[in-house]
Amino acid sequence: MFLLGLLAIPLLGAALIAGSPAHAAKRVALAATSIAVALFIPIVAGFDFANNGTMQGGVEYAWLPTLGVKFAVGIDGVSLALLGLTVLLGPICVAASFTAITDRPKTFYAWLLILQAAITGVFCARDLVLFYICFEFTLIPMFILISLYGSTNRAKAAIKFFLYTFTGSLITLAGLVYVAWQHSLKHDGVWNFDIDTLAATARNLPLSTQGWVLLALMAGFAVKVPLFPVHTWLPLAHTEAPTAGSVVLAGTLLKLGTYGLYRFALGYVPGAMAEHAQTIAILCVVGIIYGGLICWVQRDVKKLVAYSSVAHLGFCVLGLVALNQTGITGSVLYMINHGLSTGALFLCIGMIYERFHTRNMAELGGLAARMPVWSTFMVFFAMASVGLPGLNGFVPEFLCLIGSFQADSRWGHGLWGSTTTSMASYGTRGDLGPWLTLIAGTGMIIAAMYLLYMVGRVVWGPLVLPPGFKADDGHGHGHDDSKGSHTAEAEKHDDHGHHSVLPTDLCGREIAILAPLAFLCLALGVYPKILTSSMDLAIDSQVKVLEEKLIERDRTRMGSTTPLVPVPPATKPNEGSGRPSASTIDSRIMVQNAGMQEAGR
Amino acid sequence: MMTLLTNTHGLMHALSGAALAVSDEAGHAAGHASGPVAQTFAAGPMFGLLVVALPLLACILCGLCAMGRVKTKLPAFLTVLCLAGSFLVTLALYLQHHGQPAGTAWIIQGFEWIRLDYRQMVDSVVQSRSFIANFGLYVDSLTCLWMLFVTGLATLIALYASEYMSHDVGQGYNRFFAAFSLFVFSMACLVMADNLVLLYLGWEGVGLCSYLLIGYFYKKPSAVAAAKKAFILNRIGDLGLALGIMLCYVHFGSVEYKVIFEKCAPYMASLAAGQLDQIPLIAQFIPLCLMIGAFGKSAQLPLYVWLPDAMEGPTPVSALIHAATMVTAGVFLIARTYPLFLMSEYALPIVAWVGALTALLAATIGMAQFDIKRIMAYSTVSQLGYMFAGLAVLTSVGGAAHVFTHAFFKAMLFLACGAVMHGFAGQLDLRKLSGVGSMPGWRVVGIAMLVGCLNLAGFPIITAGFWSKDMILGEAFANSQMQAIGWILLLTAGLTAYYTFRVYFRVFVGPKHYEPGDEHHGDDHGHDHGHGHADGHDEGHQTSGKHGFHPHAPGWAINTVLATLAVAAFVIVPLVALNHGGWVKDMVGASSAQFNEKAAYLIAAKGDLHTKFFGFDAHKAMMVVSSIVGLIGIAVAFVLHYQGRTTAATSKADALLPAFGPIAKWAQNKWYVDEFYNAIVRMPLLALAQIFHWFDKLVIDGLVDFFGWTPRGLGGSLRPAQSGEMHTYAVGMAGGLAVMAVVVIVVLM
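Here the protein sequences come in this chain order: A and B. Per numbering that gives the first Met the number 0, the first sequence starts with residue 0, numbered consecutively. Per numbering that gives the first Met the number 0, the second sequence starts with residue 0, numbered consecutively.
Treat the hints with care, since some could be wrong.
Have a look at the derived ranges for each label pair, beta carbon to beta carbon [unchecked claim]: (1) Arg554(A) / Pro265(B): 29 to 39 Å; (2) Gly169(B) / Leu462(A): 42 to 52 Å; (3) Trp180(A) / Pro265(B): 54 to 64 Å; (4) Ala483(B) / Leu462(A): 52 to 62 Å; (5) Trp434(A) / Val124(B): 55 to 65 Å; (6) Gly701(B) / Thr441(A): 23 to 33 Å; (7) Ile690(B) / Arg26(A): 46 to 56 Å.
Restricting the straight-line Cα-Cα distance to at most 20 Å, the calculated cross-link-like pairs of lysine-lysine (PhoX-like) are [to be verified]: (8) Lys155(A) / Lys219(B); (9) Lys664(B) / Lys651(B); (10) Lys219(B) / Lys72(B); (11) Lys651(B) / Lys511(B); (12) Lys302(A) / Lys696(B); (13) Lys155(A) / Lys302(A).
If you're looking for bench data, these hints aren't it; they were derived computationally from the structure. Yeah, the Cβ is synthetic: ideal placement off N, Cα and C, and Gly gets one too.
Next up, chain B with everything else stripped away, as it sits in the complex (with noise of 0.2 Å):
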């Protein structure tokens, strides 16, 4: 084991340099006994705009391609290149931040973005405030490494939907990519920003590009639909973000980070001091606030619903904003604010728990669903519980390793989803699809899948995925606090093994067969040949010929893009695997993410970080008992769908449904969940808005006519010649402000 782990750091040193060096000296010096990484502050090189400028860039290109009704593929040409660029940039700004010593953070000033200046009277005397959101970016460690995969990822997704969106061309292909570029400036401005407010306008900013990208195909009303679900669900959780911000800046004074961390600084020796009810209330409010925003972007409970809705999307979109980046989003503002989540005592149990409980039931949702895209957007879900968890349970390096590991494998798995739909004419349902990565020219797809399913089901050892689930495994039982929440994730890890590999084995291996799905791409697959019915013939590609269907094996781009991901998915696993934690954890030590409050935190909360798992260590132990776990779903998986299957549509599996009664369907359904939101919250809503439409139009309009109305049936009989008109309104006025005289004396009361 550990001379391919030493192998594989050979082979990233000699792939990257000294982009990866790291010495295993610097990952022992910021060891589990370490000091506190001392936050400095400088200014960075100007260079680093060119991360956010570049994205940006391709997006104004390729609007004007839209202008220029351009009609080649010039606009993911203009877009990987500049992606490409930023991502080089990021490596750059990456190289150049780590000969700095460890906990700097770089500051790069753009411009001066909201700027407030004023006076106000504090104790009888005029103090200067001022209320700064500057177009700034914040570099430190952290920065770094979520910037190195999106931009990395966002370049390698761009060139693998040149390709899926090529049928496109000349309809929406301009229109794609100038969201796409707009995400990915987006994401580098939240990612990057040096203030809460500049973090927010990314947070939209992913937020309208997802709307405008989920809504892609706009004809298609599910796909409208979804769109507007996922905007506004997320703009419940940005007012929570807000909010948050308000009270950061009534609080600290600023919503700039460098005062705020600064600002924190005696709150952090309070708590050093075990003396948690020293940090005022108000400020422990502000992580409650921010963790709403962090649930609604990162799709987690209560505001999850619409993840799997999202898959409405093109699946490139779904790999990347809903799979790899912007569902991180919240995790990443966690990690960034780190210390105000330490400042509350109920800050971090309440996420953990909120993602242990999104975990499982996202799981047990994904388990019963039959389209491969759901099970791997449920999956989402669950793994960005199980980061949820990893932060809160204070071992944001284990949240952030999985953050990173999960970008790379759950991108792959949904390419990879995303080539079969392709393929097959947007068929996705496990019961019609066989034998896939068996067929001539799916190859790569084929291994691509069993690679991203052995990360996603955390297989021992080689895969990185195991790596970092373990990581927030072993620390939830060490920490006595704790231990509830890692059995759910333990049992949500067998869970995910299971369905992770039930997609696998049904899909990608067995016997072939296919039916194609009901949408044609262009004009490429000839005429309608209607739903290609294949039941009861074991050979699917046979039949097929009848119907005229071909499946449409991937090109060079996407296939490109599955090899890049599938190497770079075992490349990465030293980068989390040495050392607990390698490369990540000194990059995550060196940030605001830095966990070195974690005694003080535990003895203020009275807990204990050195739990034993039934007498062992819980970190060695995690790592056997995760690992069988992980197996035993693999396992069951195997025999349940693979073994003896000789059809599609059924498996052994079937035969076990009746036994758990109605369950199975409940969990099919997604616990009605949808349905619940709809009745408690979207109805009665509505029926406000009617009853406020009617009393509007009847009573407070109603009052102005019947105050105006009045005198003049009245003048009509006194004075016949009065129009009348004029007294009727003006008396109606009359009537308007006695309504808001009679709330202001109520209110005044």
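Only chain A is shown next, with the shape it has when bound in the complex (with noise of 0.2 Å):
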């Protein structure tokens, strides 16, 4: 039932901001927010941990049941997890706006509001067309947030993200239709959109089947990660959205691509995502390299950290694609972290940007003289971004290069594994092992380039303010000194007629914003066994399909001609067919090398 609270409340709030006052839009929307984190302290107690794999707290009406469509909602771990990044961002984006957003603020919370609603409905939807119905309409509030109050180029950049994005989604709707449509065929007509019922029936498609389906999954959740080469929305968008907005965006909008091809691409087709691993692999690995090096030679701070994205959801998705447990946790675990960490180096732009009405590098440095507790967070959650043990972000990273590292059919053989000792090999099987990882662990470095490029610009150095500010003080009010178009654009932000304060350094407020997110930052660097815990027995259901998929595949591939494990050259012909159980795979692969290196001979 608190789950229909989670999505009912931003919805009541919503509802009531638009019979209220335009005064009072943001405290109603930080109530509503507030509650809603609230609420998601008893989901929480209530939870299961032990049996974080079973979907609780479910909720079941029927909606359209001559199509067998219901309105389900229900957690696992990794919905739990999800739900708990969207429903804590909720206050946080809502009193980010409080000085930023005054122009129409009850259009603005309103839609905040909406948007919270339709993102939290996508994490606990239990039934395809709620979640499809959820997934779309985040476009909606996200439109509006952007076209009204966004940057100067905004126009384009909301149409472009719409349009992006809904194109895609259809075709994912495509794919996702067939899915029912086949269990239907199979069932007698009756339809039925229950997303785990629905999952058995995908599962086994035939495999050619299953790769279109996976085909159109990825047109529509590509998009929203973003993947490489369908990324180009997401720098605009996030460069034009107000701050609220790209914390939103960067927190959970993007996990909406990641949440889906996990729950959809991996639990809907595995056998094709057995498959295709590597291409996605590849994709991710192009993503982490081109958009890290794009990050590295921008002007424009927010860009900058929006191109980081790109990179960052390269490793997400990376790890998505290992196919394992170590991946695939470190996978969730980093749409958490990113969540955090750059939705929290959004917020800092976001403060930067309200006093000095800037996003330029050239026009900023060496903030550190001036506002040394905004600096402090800004390195700290860079460094964050960066991948530091002990904050949140490395956790996630390592895991996710682990499992890519680890996922790859030819470890434990040949040249790959053990000649003399028994020991066992801890690879899984897959296609896309150490130089896939090599190459994307560059990644590492080239974060810590364009981070450490960021911060050595605008937080450390001599001191540099856009023209019509004083360098001079350090001390005061931000818009003390500022004269002609400033004081006239200060004024205009203002919202009661006095004069809108903002002090040089950070104010309560904004230390209230950061300082929760800060500590998450390193209570998850830390103690991360807080969400691993949480979600291990889900990812092991979906790890547990997997791998039967990729044991098969392996074994048809075996039955192919061309050898998939190199000849190891020391391995005496006799070595390999005298192990026991000849029958099992491993073995046959054995067989199969030391059979072939005695035809060779």
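Assemble the dimeric complex from its two separately framed chains, guided by the hints.
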């Protein structure tokens, strides 16, 4: 029932805002999002962590009984974590907009709340139709937030965002409906849209069909993530969106894509995933390096962070397509932690933008001298984003990389394994392997390059402020020495007629926004177990299916003539065939190798 | 000589009692021919966690000071207190550990940091797997050795810094000590970790603190650039380390030392049987990956270029982080995972060559520099090369002993340089300072500098640096495979002695003269007095009065620390000198860095461990030869830089420079390595980034827009009523998908 509350409270808040005066909008929004946070506590308390793989807290109502559509919500460990992120970012986004949004606040806060409700709906939907409706509905509030409250180029950004993701999602819809249709064919025309029920059907589709479904799913989810090369809407949307919009975008909206991949690409078409994981992984790796290097030459600090999402989400999806426990756990952790650290970076940049009305790094520099508190937060979150161990970014990144490192069917065989001792291999099946991981790993270096470039420019160095701001004093108000247009702008941003006051360094409200995020970054870096142990079974059930498919795949490949495994030069021919349990695949590989080697001589 | 040693040994006993009571019998037992010391694992005492926790507490307290905007020396006080506490706990831990049988490794469980449990099908059987990286400590004698000097020196240097940084009280003072304590915490994690991932945490943590402290003077663009360079070059190494850790996990199924060492045992047995080919190739890759991390952190070729630039940081930072402790982390990593390095036929030879070449290269650069702190930085790079070479020529004792002695004397050298820098307004140019040691109030600094220089130059018998360096040289010549390494290191020893005493003879003795630098700390030196131009005056301090500048002689904290270190530099002589390695040998020999597989390794590598040096025993011969080489270096420096020198700016060496042609200039310009890297790595990468940037803008996004505009143009003529925009991007989307589909197809083909 609490889940319904999570969905309803933001909507109620939005309705309340519509009927309340403009100046009260932000307070109502803050109250609504805070209640949602409070409501999340009993959800966590009531969650059975020992059975985190099963859907819990479920509520189900018939919706369109003739089509089998239900209004069904429920969460497992993975949804719970993402739900937590969504709920937590709610009040933070509202509070971050207090001084930034003064024009038409009612519309802003109402849509922000609706957006939260829609994202909440995605993460707890158990019915495909409900999932898709919420998934698509996120577009409208975001479109409005960007197009009404964005910066100069907002119209183009909003339209591009909308249509790019919308078109992709339509193709995804086709894929999902196809699965449902197949299900109805197999069940005498009875339609069912239950996500778990459909999974069973989808998994048994022929491999080629699964491939097409995967392509359809990728069309929507890859755009949303975004993966290279369908990422170009993201930097534009991020740059133009208001701060709160960017935070939601980076924090949770992108995670709809990765969550979709987790839930449907892995859950529905594991066979196709096993086939095509390498292709997706290559796109990820390209994105990691390509996005990272582009960050390095940005002038616009917000665009830099936006492109960093392309690189970061590359790691996230790389872990996902590793198709093993380490990689997928890393990937889900990455979803949470990227939301925290990148969201916080956008907040920090928003605070600077509010003060200096520029995002150009040539006009900003050495702010440590003027804003030590802000600088501390900025360096902290940049380090979290770099993936410094002890902060939240490290564990997911490392697990994703280990996952992809492990995912190679050649581990344990031939040159890739042990020849003398009976040491088991700790690799998993797959096509990714160490080389891909090595290339992806250079993304760690590139991340340090661009984030330290940004920090070195904006935080350290001699003080540089945009024209109109005096660099001499370190105290007093941010606007007090600005003349002309800045004063006018400051007054325009004013809410009630009195002077808009933002101190030179952060004010209490801003610290209160950043501090919980900083705390979480540290806490999840030091004790990630709180997350990993709450989703291990949920991921395990996915991995089990994937592993079966991978074994099947490796078996099929064994049938082909090309050897999968390099022939070990030092192995004696008899060694392989002498092994017990010759019926197993692993030994078959050995036998074949040995046989081929013999034939080769 | 022996009397001296015995006396010092006695003194040492008196000083720290049982702490250092290493029985000579034990020393003999762990000698060359001794059998392997079996590693046994046991749960350790929980109070060991305090070693790590106290520096963290100091960091938190300093952070609170920063929040409370404390404008006193409180953070320094808190830091020194906590670090001293950490040192005492380490000492207690060491004493208790010393009572255990040799080879005991304690594992102290903190809390579960990363833990994943899962199942996996192997041979149709479901096996349980786990990835465990706990916050746990691994305490063996190697850990104790390292932590004793890390916490001890950190305490002393924090005390020194409390005075050195005093002009920043109320400004960066809190920040400095917060980062300083965080560094000690990270270093403790690195050294005491019971698994490679926690080591990685410490590894990157010290990198972060190094970044924050090099960039401490953040308004200076050069400091910011140096900090960034250090972090990024370290990250390149870190990638190697990370891959090594992953390889370890995939091969051994664990990242915990305990499991890794246990699973290494069969490989060690193969090694002992001389069957190196029985060790799987994939395991042999592990050390190759790990060493890249070690080269990054310990500033070896090709990643050494960050360390000289790191001298932008405050001098206590250079002393602690960039000389004594952090940069030895790479040596520690190899010593800790020594069994893994023995597994590969190529790993240790590569380490030996990298170490030896770095030692030589850095020494040649150091000879041609004028900034005394930079000279010390290059000498650090060079000495680190010795340590790597030591590990690689199979004397892990020599390598560790050199780390140990180097930590003391190099910290002392840096702190003495720092005192000069502090007193002469940032002046570090050896052409602008002379006779500092005989100026009033500078006696302690002069003596400390002399002691440090003697150690670095390897002055025979009485210095600890001589003994540790000698072990490495002797072992290199004794090893038939490493003769070339030995010659390079011997040459480097001579160069080292020369450039070390070049600094000493130029700056600390000779005619008194100085020009202040351009840094004015606070207001205690009066108003801007520009550069003190004392040229042509032999007695610089007489003229300086006219400029209103008075050298700022060090106070009690700096002098105390320097005096303590100078005494310690002699106290540690018996610890490394007695019985081919003394106490350090016992410590290393009972740890994972034991080299009891040495013989087996050499059989496998078809080498010989008892090569003669021109018919003499290599170890004995080296004691004489390296003494002579060191003394020659000192003598050359004496003739060229002291004898008959009347000014600060010039010496007899200047007359010799033309004889070297352009080589001297090249060395002075650091062989243009920075420029080379810039040209072959940074610029191409930047160009690639720009290409990607425009490719993204014009091609990928352009394609999206193109697919969008085309139907709009067509549709515009056919159906003018339609808005077009929607279609535009819908088709643009399709364009993006088409690109993706093409990629998919290409890859699948």
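Evaluation of the provided hints:
The hinted range of 29 to 39 Å is satisfied by Arg554(A) and Pro265(B), whose Cβ atoms lie roughly 31 Å apart. Taking 42 to 52 Å as the suggested C-beta distance range, the pair Gly169(B) and Leu462(A) does not conform, at roughly 19 Å. Between Trp180(A) and Pro265(B) the C-beta distance comes to about 57 Å, which sits within the given range of 54 to 64 Å. Checked against the hint of 52 to 62 Å, the C-beta distance between Ala483(B) and Leu462(A) comes to roughly 53 Å, which is consistent with it.
A hinted range of 55 to 65 Å is violated for the C-beta pair Trp434(A) and Val124(B), which are about 29 Å apart. For the hinted restraint 23 to 33 Å between Gly701(B) and Thr441(A), the CB-CB distance of approximately 27 Å keeps it satisfied. Remark: the range hint 46 to 56 Å for Ile690(B) to Arg26(A) is upheld by a beta-carbon distance near 50 Å. The straight-line distance between the Cα atoms of Lys155(A) and Lys219(B) is roughly 41 Å, outside the 20 Å bound, and the hint therefore fails.
At roughly 17 Å between alpha-carbon atoms, Lys664(B) and Lys651(B) fall within 20 Å of each other, so this suggested pair holds. The suggested pairing of Lys219(B) with Lys72(B) is violated, with an alpha-carbon distance near 24 Å, which exceeds 20 Å. A threshold of 20 Å between alpha carbons decides the hint, and for Lys651(B) with Lys511(B) the separation of about 18 Å falls inside it, so the pair holds. Note on Lys302(A) and Lys696(B): the hinted pairing holds, with a Cα-Cα distance of about 13 Å set against a maximum of 20 Å.
Pair hint Lys155(A) plus Lys302(A) holds up; C-alpha atoms about 16 Å apart against a cutoff of 20 Å.
The earlier numbered hints that this structure contradicts are 2, 5, 8 and 10.
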